[in-house]
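Asks: All chains should be modelled from the sequences, with the hints used to inform the complete structure.
Protein chains in written order, with the numbering used here: chain A, 1 to 329; chain B, 1 to 320.
Misleading hints may appear alongside valid ones.
[To be verified] With a straight-line cut-off of 20 Å between C-alpha atoms, the simulated SDA-like cross-links for lysine to any residue are:
no., chain 1, residue 1, chain 2, residue 2
1, A, Lys-256, A, Asp-275
2, A, Lys-50, B, Glu-314
3, A, Lys-50, B, Lys-296
4, A, Lys-50, B, Leu-313
5, A, Lys-76, B, Leu-313
6, A, Lys-76, B, Ala-311
7, A, Lys-50, B, Ser-286
8, A, Lys-50, B, Ala-112
9, A, Lys-76, B, Ala-113
10, A, Lys-50, B, Ala-113
11, A, Lys-76, B, Ala-112
12, A, Lys-76, B, Asp-318
13, A, Lys-76, A, Arg-159
14, B, Lys-296, B, Ser-74
15, A, Lys-50, B, Ala-104
16, B, Lys-296, B, Ser-286
17, A, Lys-256, B, Ala-112
18, A, Lys-50, B, Trp-106
19, A, Lys-256, A, Phe-123
20, A, Lys-50, B, Ser-116
21, A, Lys-76, B, Glu-314
Quick caveat, the hints were computed from the structure, so don't treat them as lab data. Everything numeric in this text was worked out from a predicted model, so none of it was measured.
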Amino acid sequence: MRSLRIAVVATLLVIPAVLFAQRPITLGSIAPPNSLWDKALKEMAADLQKVTNRRVRLRIASGSQGDEATIVRRLKLNSTQAALLSQPALGEVDAAFNVLGMPFFFESDAEARHILSALRSTFERALADQDLVLVSWGHTGWAHFFTADPVHTLGDLRRAKIFTSAGDDAMVQWYKENGFDPVPLAVTDVAMGLNTGLINAYPLPPYAVMLVQYYRSAPHMLDVPLGPVINALVVTARAWEGLSAEDQEAFLSIGKAFEDQLWDEVPRQDRESIDAMRSRGLMVSVLDAAATAEFRRTANELTASMRGSMVPAAVYDLAVLARNTFRGQ
Amino acid sequence: MTFTTDRRRSPVARGVVIAAVVLGSGCSIRSMAVNALSDTLAEGASVYASDNDPELVREALPFNLKTVETLLQSSPEDPGLLLIACSTFTQYAAAFIQADAEVAEWEDFDYAAAESSRARALNLYIRARNYCLRRVEIDYPGLADRLRLEPDETVAAFGVDDTETMYWLGGSWGSAISLGLDQPDLAADLPVVRALLTRALELDEDYNRGALHSAFITLESVPELLGGSPTRARAHFERAVELSGGLDASPYVAMATGVSLATQDREAFESLLGSALAVDPEADISIRLLNLVTQKRARLLLDHVDELFEAPLEQEEDDR
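Replies: And the structure:
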């Protein structure tokens with residue numbers, strides 16, 4: 001009988017957690033199933049479920065919720081309660097996030113993370129205005145220019161026909177004002193554009209290029225990264241407020257571990273992607289230190305023109321200040 | 001994938017076996033024994049394929065697989081054994097181990113258990129792929145490396161007798177890539193899979209009553225950016241159903257999970273799975289096991305249809 005009693009007590013201890021388990025939080029992303037991001041999200045979900053004794057369960061919906069614009073619409077309806085959104089989508093939510101997409105603004109992961117940390121309250125306020133809560137930052141990889149012909153200077157790049165997302169009029173305008181030749185195209189037309197010569201340069205992280213195989217048409221990569229494609233893990237305010245303070249704390253803590261994991265593994269994945277493409281025909285243009293410095297100096301002058309137009313002036317100034325602090329200037 | 005293995009040895013491979021016996025070395029008796037066993041194992045594939053108890057097969061296959069690997073230690077270049085190893089590891093991983101991951105994830109959001117099963121399945125697919133590559137190297141030395149560099153040009157070397165090898169090589173490699181997208185050196189070979197299956201389709205369009213068309217449903221269901229096309233997937237689906245006489249449930253499930261899920265077409269998804277469940281497993285016992293396993297998956301998918309499909313956005317916005 002004693003063992004039966006212990007079993008009953010054990011059952012009572014277990015039942016409340018099950019009874020009070022909330023509806024799962026659906027987390028949308030455009031990450032392909034079984035990709036590094038999908039696996040990291042599921043690992044986070046497993047950890048969160050374990051730590052909160054199943055009070056917080058995440059349903060990871062990778063690649064099944066449509067594009068990011070659709071996911072943002074679902075967040076507004078609270079039918080999707082969390083998402084991993086990339087910088088372009090965040091820029092649509094609030095222009096403050098455009099600072100994260102400035103070409104050649106960041107030089108390293110450490111510098112990018114320092115600036116993200118310094119501007120966190122700015123970004124949190126921007127998201128709060130849209131009823132969203134920032135949990136942590138993610139990483140999609142460092143975008144590089146891939147070109148049909150080798151690129152060694154900004155002049156070479158200005159002579160290229162650069163793919164630009166159709167509908168991103170501000171970016172098209174910025175490219176034109178700075179002497180580049182942008183060609184707006186739908187993302188699904190990039191392969192056709194490369195094959196027909198409509199475009200001969202495009203910026204993407206190496207992993208994405210490896211997956212879509214564009215390097216076979218444009219087999220040169222400039223080894224001066226354009227910038228990190230940063231993303232953010234957000235939760236709707238309504239879902240967040242439904243969690244206890246203890247569970248919110250657990251979510252933030254596990255979200256931070258997710259962030260650390262991505263900032264460690266995504267750059268490694270990019271390096272491995274470059275190696276995989278090199279063994280299959282990719283050629284990498286490596287500039288010497290002087291040429292790289294000259295490239296960045298000229299690019300910096302160009303991105304300054306984004307201040308007050310594409311990027312709110314106050315946010316731009318904060319980012320430059322944080323960057324200068326990091327660089328000891 | 002189907003639980004069959006059609007052993008069509010090339011004349012070269014047959015010659016090697018005969019020569020080994022005639023030379024009468026100390027190894028010849030062992031070689032003869034291995035060949036006899038590999039023939040038995042190949043013939044045994046139909047015993048598995050027609051079984052009506054998937055759990056029995058699940059429990060029996062590991063012993064079968066380790067027997068094949070033991071024989072391969074004695075005869076590492078036996079083309080028949082290599083193909084059996086490739087096809088059986090692929091089928092075991094797909095039908096049972098990867099299926100475990102779906103159950104864990106959908107039934108209980110148990111992502112840790114799901115990832116553990118997927119990691120196992122990935123490991124088994126890669127092992128299968130490597131056996132098929134060894135099989136290919138016997139007839140075409142150096143081809144495995146060339147495949148990765150110039151897939152479209154390299155597959156032209158294959159003839160119609162290589163269809164089965166191409167099918168299993170493409171199947172194991174594609175399945176591995178689908179689970180290992182976080183491994184760049186693996187994912188970079190997706191064009192190899194398309195090249196292999198395209199060449200096989202050119203050479204033997206009605207291979208195994210539409211098995212290649214079924215594989216193409218999945219291959220064409222990848223996003224357009226990766227070369228997929230829902231239109232082409234539908235054409236392959238229709239041909240696969242035609243060639244199988246509607247007796248194979250797998251094209252219906254491949255179409256539902258590939259195209260209907262990606263396009264969030266719930267009505268088509270439920271209809272296709274209904275068609276899969278309507279297939280009578282007893283109507284063609286040569287693929288009875290495949291149909292039973294496929295129908296089990298169809299039922300699992302229907303049980304979780306609410307989680308797999310989002311409510312239409314426009315409807316939600318109107319409700320507001």
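Asks: Need the status of pair A/Lys-50, B/Leu-313: alpha-carbon distance at most 20 Å?
Replies: Violated - the C-alpha atoms of B/Leu-313 and A/Lys-50 are around 32 Å apart, more than 20 Å.
Asks: Take a quick look at whether A/Lys-256 and A/Asp-275 sit within 20 Å of each other, Cα to Cα.
Replies: violated, 29 Å
Asks: Would you check the hint for A/Lys-50 and B/Glu-314, treating anything up to 20 Å between C-alpha atoms as holding?
Replies: Measuring from Cα to Cα gives roughly 35 Å; hence the hint is violated.
Asks: Within a Cα-Cα threshold of 20 Å, do A/Lys-76 and B/Leu-313 meet the stated pairing?
Replies: Holds, at about 11 Å.
Asks: Holds or violated: are the alpha carbons of B/Lys-296 and B/Ser-74 at most 20 Å from each other?
Replies: violated, 38 Å
Asks: Is A/Lys-76 close enough to B/Ala-112, meaning Cα to Cα at most 20 Å?
Replies: violated, 30 Å
Asks: Do the alpha carbons of A/Lys-76 and B/Asp-318 lie within 20 Å of each other, as the hint requires?
Replies: Measuring from Cα to Cα gives roughly 13 Å; hence the hint holds.
Asks: Does the structure keep A/Lys-256 and A/Phe-123 at a Cα separation of 20 Å or less?
Replies: holds, 16 Å
Asks: Check whether the Cα positions of A/Lys-50 and B/Lys-296 lie no farther apart than 20 Å.
Replies: The hint is violated at about 29 Å.
Asks: Taken at face value, is the distance from the CA of B/Ala-113 to the CA of A/Lys-76 at most 20 Å?
Replies: Roughly 32 Å separates the two Cα atoms, so the pair is violated.
Asks: Quickly compare the C-alpha distance for A/Lys-76 and A/Arg-159 to 20 Å and report which way the hint goes.
Replies: Distance ~42 Å between A/Lys-76 and A/Arg-159 Cα, so the pair is violated.
Asks: Would the hint linking A/Lys-50 and B/Ala-112 be met if the CA-CA limit is 20 Å?
Replies: Distance of about 10 Å is within 20 Å: holds.
Taken one by one, the earlier hints fail for this structure at numbers 1, 2, 3, 4, 7, 9, 11, 13 and 14, listed in ascending order.
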